[in-house]
Amino acid sequence: MHPVTPVRTYVIIWLILTIMTFTTYYVAQIDLGQLNVIVALAIAVFKMMLVVWFFMHVRTDNPLTKLFVFAGFFWMAILFVFTLGDYFSRTWMPGGKFW
Amino acid sequence: MADTHAVAAGHSTEDSPHLRHHFDDMGQQFDSATFGMWVFLLTEIMFFGGMFGAYTVYRSMYPEAFAATSNFMNPAFGAANTAVLIVSSLTMALAVRAAHLGQQKLLQLMLVFTMIFGVAFLVIKGFEYHEHWVDMKVPLFTGHWAWDGPEAPPQFAHQAQILFCFYFFMTGFHALHMLVGLGIMTTILMMARKGTFSPTYYTPVEVSGLYWHFVDIVWIFLFPLLYLIGHTKKLI
Chain A
720 MHPVTPVRTY
730 VIIWLILTIM
740 TFTTYYVAQI
750 DLGQLNVIVA
760 LAIAVFKMML
770 VVWFFMHVRT
780 DNPLTKLFVF
790 AGFFWMAILF
800 VFTLGDYFSR
810 TWMPGGKFW
Chain B
1390 MADTHAVAAG
1400 HSTEDSPHLR
1410 HHFDDMGQQF
1420 DSATFGMWVF
1430 LLTEIMFFGG
1440 MFGAYTVYRS
1450 MYPEAFAATS
1460 NFMNPAFGAA
1470 NTAVLIVSSL
1480 TMALAVRAAH
1490 LGQQKLLQLM
1500 LVFTMIFGVA
1510 FLVIKGFEYH
1520 EHWVDMKVPL
1530 FTGHWAWDGP
1540 EAPPQFAHQA
1550 QILFCFYFFM
1560 TGFHALHMLV
1570 GLGIMTTILM
1580 MARKGTFSPT
1590 YYTPVEVSGL
1600 YWHFVDIVWI
1610 FLFPLLYLIG
1620 HTKKLI
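Chains A and B supply the protein sequences, listed in that same order. So the first sequence is numbered by this note's numbering: it starts at 720 and just counts up by one. So the second sequence is numbered by this note's numbering: it starts at 1390 and just counts up by one.
If we strip away everything but chain A, and leave its shape as in the complex, we get (with noise of 0.2 Å):
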């Protein structure tokens, strides 16, 4: 089982996150160009880890969960890249740009 982790933790996370939320959202009135959408899914991606790391607390799960935790979100990026590559090496997109 898991040590417990104490309240402060938990509140400087979910401090992080509302804070990571309203970065989001005022950034993206900011024209960035291609950026708007790199940063956006930064954020995301840090506050997933967050929630993941502490919240679920893989942090302190033994390393055969950890193992599977990042297979599954390795396995999307397979399925990512596979699929973008498919349709990115086609002529199939109209647009002829990646975002």
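FYI, nobody ran anything at the bench for these hints, they're computed from the structure. All C-beta atoms, glycine included, are put in the ideal place defined by N, C-alpha and C. Some hints here could point you the wrong way.
Derived SDA-like pairs (lysine to any residue); straight-line CA-CA distance at most 25 Å [said to hold, decoys possible]:
| id | chain 1 | residue 1 | chain 2 | residue 2 |
| --- | --- | --- | --- | --- |
| 1 | A | 785 | B | 1494 |
| 2 | A | 785 | B | 1578 |
| 3 | B | 1494 | B | 1412 |
Computed from the model, here is a short list of chain B residues facing chain A with C-beta under 10 Å [unchecked claim]:
| id | residue |
| --- | --- |
| 4 | 1434 |
| 5 | 1448 |
| 6 | 1472 |
| 7 | 1479 |
| 8 | 1505 |
| 9 | 1520 |
| 10 | 1579 |
Given the structure of chain A, go ahead and fit chain B onto it with the hints provided.
Chain B only, in chain A's frame:
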């Protein structure tokens, strides 16, 4: 092996009425349950991953159309719902902590808070869906889809429907998961009221928490990808 495991987990191997016969000790049972839940969550990752993948392909095809269409979504609702879900994740984490420490009253209180925030999310979502219904932004429903006005470039008439289809399918499946989560929380709350949980046995609370946090993560991605594409629009 069983003993080292128990020592590493910080618990004795004394008999608990909740220890099933095929496990060595409570620590191993707990690890197996959380591991099993994660395996289920991996299938959920792939379930939503498929939709996110399809979304990425179509957004790459029609970036301008998606940006223009996103202007018909209300980011204030989306941001409010993100905040509500994050708070619910905090109360969920605190509920698991209370269960782990054997704080029965706090556990029940935190579970009730989690459910209140979950319901608040669905109510906000309901208002939002109602707005789309009134605004004629529900594709595939004759009489509830219209694409006109200065903010609706006519060349995007078809592609706008693609984004709104993604919007309704993805947020709809997410809302469905929220409903399931509320059902799970109701069950856990009833078990907690019966005094089922103790510092040696709080596995159902922990595992339900994993599910709740997962649903939160899905929304963390839905919010920027659906609401915040049209970066030229004025928010608040």
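Do the hints match the structure? See the list:
1. The hinted pair formed by residue 785 of chain A and residue 1494 of chain B fails the criterion: a straight-line CA distance of about 32 Å is larger than 25 Å.
2. A distance of roughly 29 Å separates the Cα atoms of residue 785 of chain A and residue 1578 of chain B; the hinted pair therefore is violated under the 25 Å criterion.
3. Between residue 1494 of chain B and residue 1412 of chain B the CA atoms are separated by roughly 30 Å; this puts the pair beyond 25 Å, and the hint is violated.
4. Hint on residue 1434 of chain B holds. Least Cβ distance to chain A is approximately 5 Å, under the 10 Å limit.
5. Taking 10 Å as the C-beta cut-off, the interface hint given for residue 1448 of chain B holds, the closest approach to chain A being about 7 Å.
6. The interface hint given for residue 1472 of chain B is met, as the beta carbon of that residue sits about 6 Å from the closest beta carbon of chain A, less than 10 Å.
7. Evaluation of the residue 1479 of chain B hint against chain A yields a held restraint, the C-beta minimum of about 4 Å falling below 10 Å.
8. The beta carbon of residue 1505 of chain B is not positioned within 10 Å of any beta carbon in chain A (closest approach about 16 Å), and the interface hint is therefore violated.
9. Evaluation of the residue 1520 of chain B hint against chain A yields a violated restraint, the C-beta minimum of about 19 Å exceeding 10 Å.
10. Because the smallest distance between the Cβ of residue 1579 of chain B and any Cβ of chain A comes to about 23 Å, over 10 Å, the interface hint for this residue is violated.
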